[in-house]
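Trainee: Can you make the complete structure from the sequences, with help from the hints?
One-letter residues, chain by chain:
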Amino acid sequence: MLDDFLWRAALAGLGVGLAAAPLGCFVVWRRMAYFGDATAHAAILGVALALLWNLSIFAGVMGVALLMAFCVSTLSGKGYAMDTLLGVVAHSALAIGLVAVSFVSSVRIDLHAYLFGDILAVGKIDLAVIWTGAVLVISLMVWRWQALLTATLNEELAYASHINPRREQLVLTVALAIVVAVALKVVGALLIAALLIIPAATARPFSRTPEQMALIAAMMAMAATTGGLRAAYLFDTPTGPTIVSLAAVLFILAMLVTQSWRFLCQRGG
Amino acid sequence: MFSRLSTKGIPESCTSLTDNALVRTDQLTVRFGQQPALENINLSLKPGQIVTLIGPNGSGKSTLVKALIGAIKPSAGRIIRSQHLKIGYVPQRLHLDPTFPMTVHRFINLPKRHASHDIAEALEQAGAEHLLNAAMNHLSGGQLQRVLLARALLSRPSLLLLDEATQGLDHRGVAEFYQRIEQIRQRSQCAVLMVSHDLHVVMRTADHVICLNRHVCCEGQPEKVAASPQYHALFGDQAASTLAFYRHQHASPQDKERLRHAG
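The listed protein sequences derive, respectively, from chains A and B. FYI, in the working numbering the residues of the first sequence are 281 to 549. FYI, in the working numbering the residues of the second sequence are -10 to 252.
A hint or two may mislead.
A short, non-exhaustive set of chain B residues, derived as facing chain A with CB atoms under 8 angstroms [to be verified]: (1) K55; (2) G59; (3) I76; (4) P80; (5) D86; (6) F89; (7) M91; (8) T92; (9) R95; (10) L99.
Negatives, chain B to chain A, calculated, CB over 10 angstroms [to be verified]: (11) N29; (12) N31; (13) H106; (14) G116; (15) R161; (16) E171; (17) H189; (18) P211.
No lab work stands behind these hints, which were simulated from the structure alone. Glycine residues also receive a C-beta, built at the ideal position from the N, C-alpha and C atoms.
Mentor: Here it is in structure tokens:
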């Protein structure tokens, strides 16, 4: 089964979708959308450094993503707003990454693949990396779930319950770095943030509790990745963008459904 | 009572909680940069006591509460917590992002899940029993306050910390809220520390009032504080009316009855 590239691609998409969904919910709740973006952009610098120093791509991306998160969280509140800092770090990391890639003359790299992903080229080892990362992120989320929710609600409530919101923020940052590192090959740096945010946003109107939202987001992400893969195969379109487009279509459908439902309820009631 | 008012002459420098206090601050000082927010605060809270913190805006009331829950580290001095200290904290307000789906039931089970009969009891004590399945986003200010109180009660606190919990409530709501706190105190024998703007009600419900303006201006029993010149300097005309109100409230029941008929 794993010898079929389509199966490998589907499993890779499922792994990424499952890990991205609950994390994406926190990204939405905590208004960290730009943070996901910045981490993903910084990933390109990680790729370049990994190639320069002959490291694994995964390690390079993880390292740079964590470094970026660390820089931003220490610098924030010292004269710059968070979104300004993220803007500076994200775009400069992407630009420096692209410059650094041009120095790597020994290896011919397909930059396009890192920006937009190439899920069809996922190998068995990639698959193992993706699922290890996914299981790690999901376990991290399950382990810290109650504390993460409390810290997201209100920092003081967290402190009063002996939960350190800084530590929970760190948990999220690490999880985000892992997801970016494993998703790079599947959807690419430019679309990772979309895969984090769109399924969560789609799930919101159908959810009354955080758990429902995370589950529905996971279903949406799985539908988008497997469906997008299928569509990309049928129509011969680039896979990463097709996956994200399908996620967007699901979002629009969900919005139409909830808006018309509300409209009908108002007329009826 | 407060150690600094202690007549037994216990030295202020003693380091352990010898006086069965739940929590004590020892020369607590908090600075934000160079700006002092709290200076040399000494206070101690004992089981069953209702202490109210009053003071103008920017006087460090919320800072003191945040230091007590551990959200702000002291710049100098210490906070000594008894091992019996279990804080139930009711924040000033709770901003919920509209993208965050949360029901009351889910909220009060954070960060620890509780048995359903405990939940029912806490909601009943807080007067929020009918709100169990409501969405947090749809609660009114008063309803949210009661839910926050129920959540704080679920941890079976030995100290209930209320940070301007009555903000946004009308007069009746405020009176009901304080009545509820009094009932809770009697039932669970927990200490209560509340930050308040409602000078009138404070003077009726508190056992001890601390008047804060970065340092402790004056403290003591409500009538003592209400009569003190520091209190009047801080609150001006509002203070004068409080004093009148206080005397009125403490008129004998017959007097009150007479007043009511006259009105």
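Trainee: Tell me the hint numbers this structure goes against, listed in increasing order.
Mentor: No hint contradicted; all consistent.
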